[in-house]
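I would like the entire structure built from these sequences, with the hints used as guidance.
Here the protein sequences come in this chain order: A and B. Residues in the first sequence are numbered consecutively from 1295, following the numbering used here. Residues in the second sequence are numbered consecutively from 375, following the numbering used here.
Warning: the hint list may mix true and false statements.
Estimated spans, in silico, between C-beta atoms of each pair [as the list claims (entries may be wrong)]:
#	chain 1	residue 1	chain 2	residue 2	range
1	B	S672	A	A1550	12 to 22 Å
2	B	S672	A	Q1308	18 to 28 Å
3	A	A1545	B	E552	51 to 61 Å
4	B	T691	A	S1312	36 to 46 Å
5	B	E552	A	A1452	50 to 60 Å
6	B	D689	A	T1462	32 to 42 Å
7	B	T570	A	A1350	44 to 54 Å
8	B	T579	A	A1350	40 to 50 Å
9	B	D673	A	E1546	15 to 25 Å
Derived from the structure by calculation, the hints contain no laboratory data. For glycine and all other residues, C-beta sits at the position ideal for the given N, C-alpha and C.
Each chain, letter by letter, is given below.
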Amino acid sequence: MRVVVCVKHVPDIQQPRSLRADGLLVRGGDDDTLNELDEDAVEAGLRTAEAAGFPAEGHDVTVLTVGPSAAVESLRRGLAMGASTAVHVHDDAVAGSDAIATARVLAAAVAKLHAEQPVDVVVAGMAALDGLTSLVPAALAELLGWPQLTLADRIEVADGVVSVRRETSTDVEELTAPTPAVLSVTDQAFRARFPNFKGIMAARKKPVTTWTLSDLDLAGTAVGAAGSATRVVNAAERPERPDRVLVTGDAETVPALVDYLSQKGFV
Amino acid sequence: MSEQDDRTRGAVAVLVDHLDGVVKPTARELLTLARGLDRQVHAVWVRAEGGPAAPTAELAAHGADIVHDVEVTGADAQLTASVVDALQTVLAAVDTVGLLLVPSTFEGREVAARLAVRTGAGVVTGASGVTFEDGRWSAHKTVLAGAWDTACAVTGPLAVVAVAPHAVQALAQDGVAEPSVVRHTAAASSAARAVTVVSRTRRPTSERPPLAEAEVVVVGGRGVEGDFSGVEELADVLGGAVGATRVATDEGWIGHEAQVGQTGVTISPRLYLGLGVSGAVHHKGGMAASATVVAVNSDPDAPIFEFADYGVVGDLTEVLPALTAELRRRKG
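Written out as structure tokens, the structure is:
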């Protein structure tokens, strides 16, 4: 069983975040961290491989990221949780890629891994907490030409078939597709294990392969601003809500609140 | 006008979200938004073979000039790849479309992603509005948990914009001409045919409006201490939906489908009412686009008071019943 988990190194959402004058997110802070929804993806990838016998000869869980040098920290986190290998696509030309251009880099990396040793499933998180687009898993499936099974909360792989359970806003679905397939997982079902000391020490010795765009046969024009069909043209910090009211209240202040709701047309 | 201008200044298409033939409120909003752009509006209705036909009069009343009724053959019509196949069929038949609006649900965004890969389109998600400037479509959105406003221009030949609920208020017009209807059949691609739907079970529906689409949402947090009955009662008085914070769903006080936040349901109602909600960034990211925010919390230092239009520092067990009673009284 070979599993590839896509992860992203993102600014800590608990810290102040801001956009640059060109509209790109300020990255590279000391608190930048593995996108926490990707921890669930690593967990799902590990459990799926473990069900097939991982860790053992012939099984592999690779964590894959695209990003600046610091992104290697997120790979180390995935390795400390138990992944066996890591791939870091690091190329200055990638900076400024939108979600679709980023998916193009990930797809090229997955294709290269697949050519080396066949991949059974690719697992991604449900969103990255910086952009929150959730575009990448579906784009990745389309680029690879592999079936898409997103927002899974249960995964089984057997005899070359992936089965997932998922909840949409209206339905509960059970879907199957042949491997290789692209999956994403929700944050409801794969609570991530916490790396122990042994895992953290072992992670330091595990291999991290670094690839550039030329390793992936990708032109610089396929990524970055040149390869993105969107561009942020304006970014402004939002003003505070004007005319805010804060009262210390009990039942006696409720009529004033209802007056306010009434003025707004909600009563 | 150059050929390029023709294309980018061209028509607008809307993917109509529906459940078993019933048009979703957000789809009516998207059509209304499209009508306001003053272009020819193509509504795209995707269905299974023999599925419910497009309600053409309703779509026209909200803004559609032309309705494309697309039957998908060879795969389940609800799969992301099938919907993309249907859209591609329409885009191939109508080569003037420069802007496609889809709902900013998970399903809508996945459709946008795949279509972008196939066509070179640029995608913006979670948009609250669309404008045409300097020969390009631009979408506006709020990012970083409501802290920043951005405008994102699409430089590709086609703009696909996933629009958040309540970007505009849906408005039906009377006396609109019957739209022309074009029927299509879309043969599912191998991407769609590769996926088998083993089972699909409708989740139980609530009497209340769906969380993502509701105009009023009443949210309970840690402060409700396990009891959502008061939250539900207030929601019912206001005709709203019930939401919850991650703490409340993790504690099992209410189902996780009620979770509002960056990883749960993203809401942008006209009125958000937070009861015992602290306003942590996870939650804020899922509700910051709400028009009016009212919060009741006993902790004066709760972050929610930093972005509430109307905050009440008080004991929920006292304020909530009084609020529900007063609203009932005034509504008669």
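Original post:
Range hint 40 to 50 Å: satisfied by the CB atoms of T579(B) and A1350(A)?
Top reply: Given a distance of about 46 Å, which is inside 40 to 50 Å, the answer is holds.
**OP:** Using the Cβ atoms, figure out if S672(B) sits within 12 to 22 Å of A1550(A).
**Re:** This hint holds: roughly 18 Å between Cβ atoms.
Original post:
Do the Cβ positions of S672(B) and Q1308(A) conform to the proposed distance bound of 18 to 28 Å?
Top reply: 23 Å, holds
**OP:** Mind checking the hinted window 32 to 42 Å against the Cβ distance between D689(B) and T1462(A)?
**Re:** With Cβ atoms ~39 Å apart, the hint holds.
Original post:
Falls inside 51 to 61 Å, the C-beta gap from A1545(A) to E552(B)?
Top reply: 55 Å, holds
Original post:
Taking the beta carbons of D673(B) and E1546(A), is their distance inside 15 to 25 Å?
Top reply: 20 Å, holds
Original post:
Is the hinted range of 44 to 54 Å satisfied by the C-beta distance from T570(B) to A1350(A)?
Top reply: About 30 Å separates the Cβ atoms of T570(B) and A1350(A), which means 44 to 54 Å is violated.
Original post:
Can the suggested window of 50 to 60 Å be confirmed for the beta-carbon pair E552(B) and A1452(A)?
Top reply: 53 Å, holds
Subject >> C-beta pair T691(B), S1312(A): status relative to the range 36 to 46 Å that was hinted >> reply: 40 Å, holds
When held up to the earlier numbered hints, the structure conflicts with hint 7 and nothing else.
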